[in-house]
Amino acid sequence: MAYTYSLEKDQPNYIVDPLKFALWLFILTVIMVFGGLTSAFIVQRGMVPADQQLIFDLPAILWPNLMLILFSSVTLMVGVRSLQGDRPWLPMLAFGMTFVLGLLFLRGQWQAFLELANSGLPLVDRSRADNAVSHFYVMTGLHGIHIVAALLVLLVGMWRLGRALVLGRPYQQYRFVLTAIFWHFLGVLWVYLFVFMIAQLSEEGAGAMFQRAFGF
Amino acid sequence: MSDATSHATTGAGTLSAVGHHDDHHGHHHGNFWTTYVFSTDHKVIAKQFLITGIIMAIIGIGMSTLFRLQLAFPDTSFAILEALLGKWAPDGKLDPNFYLSLVTMHGTFMVFFVLTAGLSGTFSNFLIPLQIGARDMASGFMNMLSYWFFFASSVIMVSSLFVETGPAGGGWTIYPPLSALPQAMPGSGMGMTLWLVAMTLFIASSLLGSINYITTVMNLRTQGMTFDRLPLTIWAFFLTAVIGVLSFPVLFSAALLLMFDRLLGTSFYLSDIFIGGELLHYQGGSPILFQHLFWFLGHPEVYIVLLPALGISSEVISVHARKPIFGYKAMIGSMVGIAFLSFIVWAHHMFVTGMNPFLGTVFMLFTLVIAVPSAIKAFNYITTLWKGNIRFTPPMLFAIGLVSLFITGGITGIFLGNAALDIPLHDTYFVTAHFHLVMGSASAFGLFAGVYHWFPKMFGRMMNKRLGYIHFWLTFTSLYLVFFPMHFMGLGGVARHYWSQSAFTFMEVFMPLQGFITIAAIIGFFGQFIFLYNFFSSIFIGKKASLNPWQANTLEWTTPRVPGHGNWPGDIPHVYRWPYDYSKPGVKEDYLPQHIPDAEIEYEEGFPKPATMPTPATPAQKPEVKEEAED
Ligand code: HEM
Ligand SMILES: [Cu+2]
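From first to last, the protein sequence lines stand for chains A and B.
If you read the first sequence in the numbering used here, its first letter stands for residue 1, the second for the next number, and so on.
If you read the second sequence in the numbering used here, its first letter stands for residue 1, the second for the next number, and so on.
Errors might be hidden in some of the hints.
[What the hints assert, rightly or not] A partial selection of chain B residues facing chain A, derived with a Cβ cut-off under 8 Å: (1) Ala57; (2) Phe141; (3) Gln183; (4) Ala254; (5) Leu256; (6) Leu263; (7) Gly277; (8) His281.
[Stated by the list, open to error] Stretch-level coverage of chain A by chain B, calculated; a stretch enters the list once three of its residues show a Cβ under 8 Å from a Cβ in chain B: (9) 103 to 117; (10) 190 to 202.
Worth flagging that the hints you see were computed from the coordinates, not collected in a lab.
Using N, Cα and C, we set each Cβ at its ideal position, and we do this for glycine too.
The whole structure should be built from the sequences, with the hints applied where relevant.
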């Protein structure tokens with residue numbers, strides 16, 4: 001016998017919106033992954049005698065990269081804010097800019113990799129007893145993979161938004177809110193990693209590196 | 001508590017709405033694929049986890065009987081080994097490398113695939129929506145993904161049994177260098193790579209599941225289902241998921257660095273290594289770093305395995321003893337305490353790695369503190385049973401058996417937690433005995449108790465009681481016969497993971513005991529076929545279950561005999577009390593379900609009717625009776 005089930009939404013005890021809550025839990029798992037990696041770094045660093053620890057000048061391009069990703073958070077925020085406004089193509093423009101900034105960031109990170117490898121600090125170097133550079137590649141690379149994933153999500157969102165605009169249909173604003181939360185998080189994560197690397201690896205300090213990057 | 005959240009205004013589908021949308025279609029135009037295979041219904045997914053877990057258990061336990069044969073009779077030739085394993089058992093004796101691979105895969109299958117995914121995956125999925133009063137998980141889609149990641153992971157792990165060089169052989173803890181250097185031994189080759197791939201998928205599956213469980217418990221409880229009215233099962237699944245979300249990512253970090261070492265040649269875990277007389281130029285790495293990262297997951301993992309079983313037994317014991325669970329809040333508190341402490345004790349697995357004795361003492365202290373909440377739980381089980389009106393049904397026997405195994409195995413944990421005692425006992429059969437009793441057996445008993453108890457809700461039929469009794473006694477006695485003697489072997493210094501002990505005089509004296517253990521293990525193994533027969537035949541020919549066969553209080557028994565999508569045909573029941581009102585004085589029946597409002601309680605004749613009347617002179621009133629929920 002078939003039952004007829006009520007598909008009406010019941011009023012559950014929402015504390016926060018479930019989707020947003022799940023996203024924060026996911027962010028928590030990413031934090032744990034990087035927490036594990038940074039503690040691995042610290043443990044290995046501690047195994048090398050202080051006077052033999054590898055320090056060097058981090059690639060200067062990391063500074064402009066930092067600016068790129070922070071700026072992309074701003075454009076994404078502008079996009080999300082303007083979704084409610086009456087200029088329907090403005091959010092599209094802002095998301096597009098975010099996307100391009102994200103790609104530029106990835107390209108910059110890749111250049112940092114190349115620069116580092118060419119300066120004699122590749123991922124694998126068995127003549128060194130200090131793994132710090134390898135850790136740098138792993139953490140930066142894993143962060144980059146998250147950026148790629150977030151860009152894909154953004155792209156799908158833009159595709160749906162564009163389709164809705166062309167067909168004159170309502171669209172789901174909410175997914176952009178979630179994308180934005182994740183994107184901002186990735187920005188903050190990069191700030192953390194950047195500061196961490198400078199503190200641990202850099203010979204010159206953030207200010208000198210900034211000067212090297214921008215020439216002032 | 002009705003706050004219209006932002007999703008309503010932004011017009012987005014919430015997770016639950018998405019799930020319902022799919023259900024809607026599945027229900028009306030569902031075909032075989034969407035109903036039974038790519039289903040988003042939590043009950044179907046739970047059964048998928050259960051069946052996959054059972055298959056993995058058959059393989060995993062089967063492997064253990066094979067290497068038990070080898071351990072007990074190293075010089076005997078078994079035709080069956082050669083027939084089953086071919087080149088891995090020349091002349092009917094296990095190849096030493098393959099012995100290591102079998103032990104590794106046995107541990108991996110049982111810890112992760114059976115007692116993590118099979119247990120949490122089954123019961124968290126099945127019970128969370130049913131017991132908190134929700135139509136489904138927060139996200140049916142994520143739930144489905146979680147199962148299929150698990151399925152893919154299982155397929156890869158099983159297929160690694162068939163690769164040329166054999167499956168992974170470095171132990172379920174995959175310590176480097178054996179896991180990091182493909183050329184180290186046969187079990188370090190392709191099998192190890194597949195192990196890492198499979199575990200990555202497993203981690204993804206576990207995280208998707210856990211995120212969903214937490215979100216569902218937080219947000220989709222029915223009216224009146226406050227946190228202090230949640231069944232202890234739900235508390236246990238919830239905390240298990242929290243532990244999972246915090247610890248599995250760190251295993252991913254560990255595995256990621258391991259993959260770099262394996263595939264790209266970095267030296268995170270490697271340093272100064274010779275293989276076959278040749279120096280490998282790895283520098284600066286440390287296998288101990290891996291152990292830290294691994295056990296940061298590994299110890300919480302043992303509680304991921306145990307907590308759901310403890311939750312299930314709390315529920316089962318209360319229902320079948322017809323008594324409120326003793327110390328409900330203390331049970332919750334001790335589970336929270338265990339969950340927290342489980343993150344700061346990992347180095348008790350590493351006392352012999354040469355750690356600073358001061359650090360060792362710190363970890364020893366935290367480790368021994370875990371015994372406190374564990375003991376609270378054990379005493380609460382016993383006091384719940386005390387003077388209960390016990391119904392010795394199969395689920396109840398398994399739940400009581402769990403308590404016994406938990407105590408026996410937990411006590412040896414206290415031995416091992418003492419760094420000074422652990423140094424001689426580490427990596428002996430004493431450890432094997434400890435964790436097989438407290439983790440393996442106790443959790444398996446939780447699984448069995450859960451299956452026997454909720455089978456009527458899963459399949460609408462009862463399992464055969466008599467077969468259940470035979471299964472229980474065979475399993476219970478064989479487990480004790482197998483694992484209890486191992487303590488003495490461990491105290492005698494017999495090392496675990498040795499292919500043959502006949503080469504060492506001090507170990508050789510234990511050979512007759514090894515034979516005894518193997519025979520007990522084989523009897524226990526065949527005992528499980530009784531369960532398998534009972535399980536699968538009862539799905540079709542079991543006695544039809546009544547709506548509430550155990551006369552339990554929780555919400556799942558208010559659904560139809562076999563609930564369909566959405567679980568309740570009409571409105572979701574509201575909740576007016578905690579789930580453990582059994583044998584409440586004055587109430588007509590010996591149970592008082594959560595969804596009965598105070599005004600509808602039937603009292604014994606002649607009993608003054610105090611519960612709903614706010615008269616000051618009612619000393620008999622129990623403190624648990626809450627005012628109606630705040631809605
Ligand atoms: C009273 C609480 C407990 C204490 C003090 C304790 C202590 C220990 C210690 C010190 C070890 C390391 C032994 C060694 O390798 O030398 C150990 C191993 C182990 N324990 Fe416990 N334990 C406790 C409860 C549990 C529980 C509840 C579980 C699981 C549900 C568990 C599962 C394990 C496992 C799986 C291992 C061995 C892992 C391996 O080396 O393969 N323990 N325990
Ligand atoms: Cu432990």
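Each hint, compared with the structure:
1. Because the closest C-beta pair between B:Ala57 and chain A is about 28 Å apart, greater than 8 Å, the hint is violated.
2. A distance limit of 8 Å between C-beta atoms decides the matter here; for B:Phe141 the minimum to chain A is near 11 Å, and the interface restraint is violated.
3. Hint status for B:Gln183 relative to chain A: violated, with the closest Cβ pair at about 16 Å, above 8 Å.
4. This hint holds: B:Ala254 has a C-beta 7 Å from the nearest C-beta of chain A, less than the 8 Å allowed.
5. The beta carbon of B:Leu256 is positioned within 8 Å of a beta carbon in chain A (closest approach about 7 Å), and the interface hint is therefore held.
6. Interface hint at B:Leu263: violated, since its Cβ lies 11 Å from the closest Cβ of chain A, which is beyond the 8 Å cut-off.
7. Proximity of B:Gly277 to chain A is violated relative to the hint, the smallest CB-CB distance being about 18 Å (cut-off 8 Å).
8. Checking B:His281 against chain A: minimum C-beta separation of about 4 Å stays under 8 Å; hint holds.
9. Counting residues of the stretch 103 to 117 of chain A whose C-beta lies closer than 8 Å to any C-beta of chain B gives 0; at least three are required, and the coverage claim is violated.
10. Only residues whose C-beta sits within less than 8 Å of a C-beta in chain B count toward coverage, and the stretch 190 to 202 of chain A has 0 of them, not enough to reach three; the restraint is violated.
Hint compliance for this structure: hints 1, 2, 3, 6, 7, 9, 10 are not met, and every other hint is.
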